[in-house]
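Peer 1: Chains B and C: place on chain A using the hints.
Each chain, letter by letter, is given below.
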Amino acid sequence: MSFLGSHILSVQQFERQSIERLFTVAERMRPYANREKLTTVLDGAILGSLFFEPSTRTRVSFGSAFNLLGGDVRETVGVETSSLAKGESLYDTARVLSGYSDIIVMRHPQPGSVAEFAAASRVPVINGGDGANEHPSQALLDLFTMHQEMRRQERTVDNIRIAMVGDLKHGRTVHSLSQLVSLYDNISFVFVSPKALAMPEEITEKLMAAGHTVVETEDLAMGIANVDVIYQTRIQEERFISKDEANQYRGRFRINKFAYSQFCQPTTVVMHPLPRDSRAEANELDNDMNDNPNLAIFRQTDNGVLVRMAMFATILGVEKEVDRYSRPISWKNARK
Amino acid sequence: MSFLGSHILSVQQFERQSIERLFTVAERMRPYANREKLTTVLDGAILGSLFFEPSTRTRVSFGSAFNLLGGDVRETVGVETSSLAKGESLYDTARVLSGYSDIIVMRHPQPGSVAEFAAASRVPVINGGDGANEHPSQALLDLFTMHQEMRRQERTVDNIRIAMVGDLKHGRTVHSLSQLVSLYDNISFVFVSPKALAMPEEITEKLMAAGHTVVETEDLAMGIANVDVIYQTRIQEERFISKDEANQYRGRFRINKFAYSQFCQPTTVVMHPLPRDSRAEANELDNDMNDNPNLAIFRQTDNGVLVRMAMFATILGVEKEVDRYSRPISWKNARK
Amino acid sequence: MSFLGSHILSVQQFERQSIERLFTVAERMRPYANREKLTTVLDGAILGSLFFEPSTRTRVSFGSAFNLLGGDVRETVGVETSSLAKGESLYDTARVLSGYSDIIVMRHPQPGSVAEFAAASRVPVINGGDGANEHPSQALLDLFTMHQEMRRQERTVDNIRIAMVGDLKHGRTVHSLSQLVSLYDNISFVFVSPKALAMPEEITEKLMAAGHTVVETEDLAMGIANVDVIYQTRIQEERFISKDEANQYRGRFRINKFAYSQFCQPTTVVMHPLPRDSRAEANELDNDMNDNPNLAIFRQTDNGVLVRMAMFATILGVEKEVDRYSRPISWKNARK
Numbered sequence: 108m109s110f111l112g113s114h115i116l117s118v119q120q121f122e123r124q125s126i127e128r129l130f131t132v133a134e135r136m137r138p139y140a141n142r143e144k145l146t147t148v149l150d151g152a153i154l155g156s157l158f159f160e161p162s163t164r165t166r167v168s169f170g171s172a173f174n175l176l177g178g179d180v181r182e183t184v185g186v187e188t189s190s191l192a193k194g195e196s197l198y199d200t201a202r203v204l205s206g207y208s209d210i211i212v213m214r215h216p217q218p219g220s221v222a223e224f225a226a227a228s229r230v231p232v233i234n235g236g237d238g239a240n241e242h243p244s245q246a247l248l249d250l251f252t253m254h255q256e257m258r259r260q261e262r263t264v265d266n267i268r269i270a271m272v273g274d275l276k277h278g279r280t281v282h283s284l285s286q287l288v289s290l291y292d293n294i295s296f297v298f299v300s301p302k303a304l305a306m307p308e309e310i311t312e313k314l315m316a317a318g319h320t321v322v323e324t325e326d327l328a329m330g331i332a333n334v335d336v337i338y339q340t341r342i343q344e345e346r347f348i349s350k351d352e353a354n355q356y357r358g359r360f361r362i363n364k365f366a367y368s369q370f371c372q373p374t375t376v377v378m379h380p381l382p383r384d385s386r387a388e389a390n391e392l393d394n395d396m397n398d399n400p401n402l403a404i405f406r407q408t409d410n411g412v413l414v415r416m417a418m419f420a421t422i423l424g425v426e427k428e429v430d431r432y433s434r435p436i437s438w439k440n441a442r443k
Numbered sequence: 108m109s110f111l112g113s114h115i116l117s118v119q120q121f122e123r124q125s126i127e128r129l130f131t132v133a134e135r136m137r138p139y140a141n142r143e144k145l146t147t148v149l150d151g152a153i154l155g156s157l158f159f160e161p162s163t164r165t166r167v168s169f170g171s172a173f174n175l176l177g178g179d180v181r182e183t184v185g186v187e188t189s190s191l192a193k194g195e196s197l198y199d200t201a202r203v204l205s206g207y208s209d210i211i212v213m214r215h216p217q218p219g220s221v222a223e224f225a226a227a228s229r230v231p232v233i234n235g236g237d238g239a240n241e242h243p244s245q246a247l248l249d250l251f252t253m254h255q256e257m258r259r260q261e262r263t264v265d266n267i268r269i270a271m272v273g274d275l276k277h278g279r280t281v282h283s284l285s286q287l288v289s290l291y292d293n294i295s296f297v298f299v300s301p302k303a304l305a306m307p308e309e310i311t312e313k314l315m316a317a318g319h320t321v322v323e324t325e326d327l328a329m330g331i332a333n334v335d336v337i338y339q340t341r342i343q344e345e346r347f348i349s350k351d352e353a354n355q356y357r358g359r360f361r362i363n364k365f366a367y368s369q370f371c372q373p374t375t376v377v378m379h380p381l382p383r384d385s386r387a388e389a390n391e392l393d394n395d396m397n398d399n400p401n402l403a404i405f406r407q408t409d410n411g412v413l414v415r416m417a418m419f420a421t422i423l424g425v426e427k428e429v430d431r432y433s434r435p436i437s438w439k440n441a442r443k
Numbered sequence: 108m109s110f111l112g113s114h115i116l117s118v119q120q121f122e123r124q125s126i127e128r129l130f131t132v133a134e135r136m137r138p139y140a141n142r143e144k145l146t147t148v149l150d151g152a153i154l155g156s157l158f159f160e161p162s163t164r165t166r167v168s169f170g171s172a173f174n175l176l177g178g179d180v181r182e183t184v185g186v187e188t189s190s191l192a193k194g195e196s197l198y199d200t201a202r203v204l205s206g207y208s209d210i211i212v213m214r215h216p217q218p219g220s221v222a223e224f225a226a227a228s229r230v231p232v233i234n235g236g237d238g239a240n241e242h243p244s245q246a247l248l249d250l251f252t253m254h255q256e257m258r259r260q261e262r263t264v265d266n267i268r269i270a271m272v273g274d275l276k277h278g279r280t281v282h283s284l285s286q287l288v289s290l291y292d293n294i295s296f297v298f299v300s301p302k303a304l305a306m307p308e309e310i311t312e313k314l315m316a317a318g319h320t321v322v323e324t325e326d327l328a329m330g331i332a333n334v335d336v337i338y339q340t341r342i343q344e345e346r347f348i349s350k351d352e353a354n355q356y357r358g359r360f361r362i363n364k365f366a367y368s369q370f371c372q373p374t375t376v377v378m379h380p381l382p383r384d385s386r387a388e389a390n391e392l393d394n395d396m397n398d399n400p401n402l403a404i405f406r407q408t409d410n411g412v413l414v415r416m417a418m419f420a421t422i423l424g425v426e427k428e429v430d431r432y433s434r435p436i437s438w439k440n441a442r443k
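Chains as they are written, first to last, in the working numbering: chain A, 108 to 443; chain B, 108 to 443; chain C, 108 to 443.
Keep in mind that the hints were calculated from the coordinates and are not lab data.
Bear in mind that the values here come from a model prediction, so they are computed numbers and not experimental data.
Honestly, I wouldn't trust all of these hints.
[Claimed, not checked] Listed next, the in silico BS3-like pairs over lysine-lysine satisfying Cα-Cα at most 30 Å (straight line):
| # | chain 1 | residue 1 | chain 2 | residue 2 |
| --- | --- | --- | --- | --- |
| 1 | B | Lys364 | B | Lys350 |
| 2 | A | Lys144 | C | Lys144 |
| 3 | C | Lys427 | A | Lys439 |
| 4 | C | Lys439 | B | Lys427 |
| 5 | A | Lys427 | B | Lys443 |
| 6 | B | Lys364 | B | Lys276 |
[Claimed, not checked] Quick list of simulated restraints, FRET-style, between CB atoms:
| # | chain 1 | residue 1 | chain 2 | residue 2 | range |
| --- | --- | --- | --- | --- | --- |
| 7 | B | Asp393 | A | Glu309 | 34 to 40 Å |
| 8 | C | Glu345 | A | Met329 | 56 to 62 Å |
| 9 | C | Arg359 | B | Glu312 | 54 to 60 Å |
| 10 | C | Arg442 | B | Gln260 | 41 to 47 Å |
| 11 | B | Ala332 | A | Gln217 | 37 to 43 Å |
| 12 | C | Thr374 | B | Lys313 | 29 to 35 Å |
| 13 | B | Glu122 | C | Arg386 | 37 to 43 Å |
| 14 | A | Ala387 | C | Thr374 | 57 to 63 Å |
| 15 | B | Ser109 | C | Ser349 | 54 to 60 Å |
| 16 | A | Ser349 | C | Gly219 | 36 to 42 Å |
| 17 | A | Glu309 | B | Lys302 | 57 to 63 Å |
Note that CB positions come from ideal geometry on N, CA and C, so glycine has one too.
Next comes chain A alone, as it looks inside the complex (with noise of 0.2 Å):
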């Protein structure tokens, strides 16, 4: 596919190739995301930020990845504060807020909402999650780590041995992720959740069809033995039946310095799409684990603006004129 103008509403889109291209433009946004110059590419753009539902690290990180590109954000939050609440349909809303700007992010709690609104905008929109759907900028972030972390390793993503750990079935960034991860070769997926919270079938099977290795395992330790990389995920109680299955689970599959240091190989990278729970009885992700070098989850957040910058430059067909509208930054970077 080519990004140039287009919607980005699932990770459907994609092949390997396109991917790839879009990471080079992001590993060439990182001068302008650490300070080093600025750019004013997207000078006089407007991006609409539309999160009918809300969401604080997305919205900001799409925000401040266009204003990094020399672009305008303006921001719609909450569904209440819209026309939506009025019964005015997605069409309508459509037609009218693609007319004041030029290329929209859009999260909306209904699956399939930002694909009809797309069909009417007149300006390309990127999902920003819709519901237990699609949030694609999130599995891109996720691959782009996955993919940099590798690099450290001077491995490629090819070949690697993924856990995907925590609720599976409801984990709509698992899903998104591990169909992204199958477009690369010859990929061994552990799967590591309760049965009741299972990686749906079709996507066992689609990633089988496609040549790939997968393992389902309700036991951790040999879940994250051996393998290259682990995707957390949270497991929340009321997915439960009862709260005493829930209680059995409980503990199970959390990530820790003492089952990193007893199950996994030195070199295993940890990730999680975050927000982490730290309260007690949930810390799927202890923080205990923070002085790792391996743990790679504000990596990934950082990835995020990269992506980003790199999806708004590539579909608004700047992405080789970045550098000729940068300049020197006139203060003192304070960033550590």
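Peer 2: Positioned in the frame of chain A, the structure of chains B and C alone reads:
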């Protein structure tokens, strides 16, 4: 009136000449709104956007218009986040907040509140809607749209026949718009509504005193026959004495493909202030009209950006400088 | 202290010299705040504005100050929209959100939370208010205002007599401000409050230990006689044991035209952190004072922009570059 440095609080402020000057400026904004080039004429200026009552489309339209002229926007949405909730007077709010921006657009649920705020403000204030009272930028964009639509038919707004349909008693848009249109010559107004929701007598009398024709009817078919413009608005069930009465009228004031083909001439322009309620029980302007080229509702919202750009440019005295600060855009315009 | 790259969390950080350097920078910001020219010195920089507790004036003041230096602002308002609500630690929130901006201003209802956030942040953090604890930019703008007002009288802050009036027990502004003022020489503090709402002893002792005079009284007339500055604050009814006790004090701590003319010298400056409650039952600073030229409350809020611009400029190390990146504005300044 001169727009330079003025508050814009009411349609009563305008005479025909100043409106036509504004529309000439709005017309010159089109290449910027269409992203054929960009301007930085308001570089360094800050719009204070104060929506003490939420509104997505009006708020974003003003914000985007200001961005398109090169300015920045600082927004406040919702009264619960403001000091007004802590017993602060509008006088104090105005003295303080007008110190933070160069021009203000304000919406507030209470009629008269924006004028009270403006009296204490140190910068020009545009009324973005004060309850049932006024919403002058909506009336201006509606009139500008009529102006444009008639020009496509090689006519002017003079001598047109316009049907206003729906709740004409409570709708601030039809009150303001009818008064603006009456600045043109020899208008035929047809007011189509249930008797209980008729246009207030003081307005019909004013229009007739100015030499225009006014016809009132409860019969949609008769009302929209041979008119140049239909301005449809919403009828809300809760306005009626009983559900039974509402049901009587339900459907009698709907504009759809059938009604249009039966009763209208082929050039009749259909407008609506939006949002339109697409739910079956309301549905005052049917989606089957969407491919009718005379349906002007999305041209209205697009024109809103032009008119608001023109308001900002004339109030801040740069209407002749816009092109001097223009340059090409560097990204690929993906707008359809 | 040096502001360069620093967190600004507490007034305890400052000594007199660093404050006076900041005020010199604030003074140089005036032509930009007055729109005599514009500067783009912070072009490409992003302010992360995190108001987990809403506040219109502080939020907009910081945002406008950053815009006036040429930077962009990405805002988050309300805790319900944030991951903190989903059990995320302040550590994680800080690691993530500090990746999206170059400097952060944060307000949060919980005392100490901003310092905890700052410890994990990768960019400088300004405390925009952490519950009852600190609000250093407010104290700085108040002190800057005294500085300016005394200069108009050809004096300095040294040797002034200042009356602080109202709820001195709970008010974070009077706690912070009294400590800042105490960095000057030979201050006479008069604390006027009901006994139950007196200034905490640890503060009065500190002030006396630093060589200043402290007088405490329940008598407004005596308290404000012969002072150079009155700093009025709010007394909230709910602070009292009973309604009866509140009624006793009601009216005894009001500043109005009558009290001013009876008890004050004609040059006494009247300040208030705002918002003031204009409802009859509170009314701690009457509107009949509004035309008194010594009422400095709106000069305070205007000065807030200057002081916050100075904070940003010194933290980001551009206080000497501001003029180099300046140019004329192209629009007609309509500010009164």
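Peer 1: All hints are to be evaluated individually against the structure, with a verdict given for each.
Peer 2: Right, here's what the structure says about each hint:
| no. | hint | in the structure |
| --- | --- | --- |
| 1 | Lys364(B) with Lys350(B) | 27 Å, holds |
| 2 | Lys144(A) with Lys144(C) | 25 Å, holds |
| 3 | Lys427(C) with Lys439(A) | 12 Å, holds |
| 4 | Lys439(C) with Lys427(B) | 12 Å, holds |
| 5 | Lys427(A) with Lys443(B) | 23 Å, holds |
| 6 | Lys364(B) with Lys276(B) | 26 Å, holds |
| 7 | Asp393(B) with Glu309(A): 34 to 40 Å | 39 Å, holds |
| 8 | Glu345(C) with Met329(A): 56 to 62 Å | 59 Å, holds |
| 9 | Arg359(C) with Glu312(B): 54 to 60 Å | 56 Å, holds |
| 10 | Arg442(C) with Gln260(B): 41 to 47 Å | 44 Å, holds |
| 11 | Ala332(B) with Gln217(A): 37 to 43 Å | 41 Å, holds |
| 12 | Thr374(C) with Lys313(B): 29 to 35 Å | 55 Å, violated |
| 13 | Glu122(B) with Arg386(C): 37 to 43 Å | 41 Å, holds |
| 14 | Ala387(A) with Thr374(C): 57 to 63 Å | 60 Å, holds |
| 15 | Ser109(B) with Ser349(C): 54 to 60 Å | 59 Å, holds |
| 16 | Ser349(A) with Gly219(C): 36 to 42 Å | 39 Å, holds |
| 17 | Glu309(A) with Lys302(B): 57 to 63 Å | 60 Å, holds |
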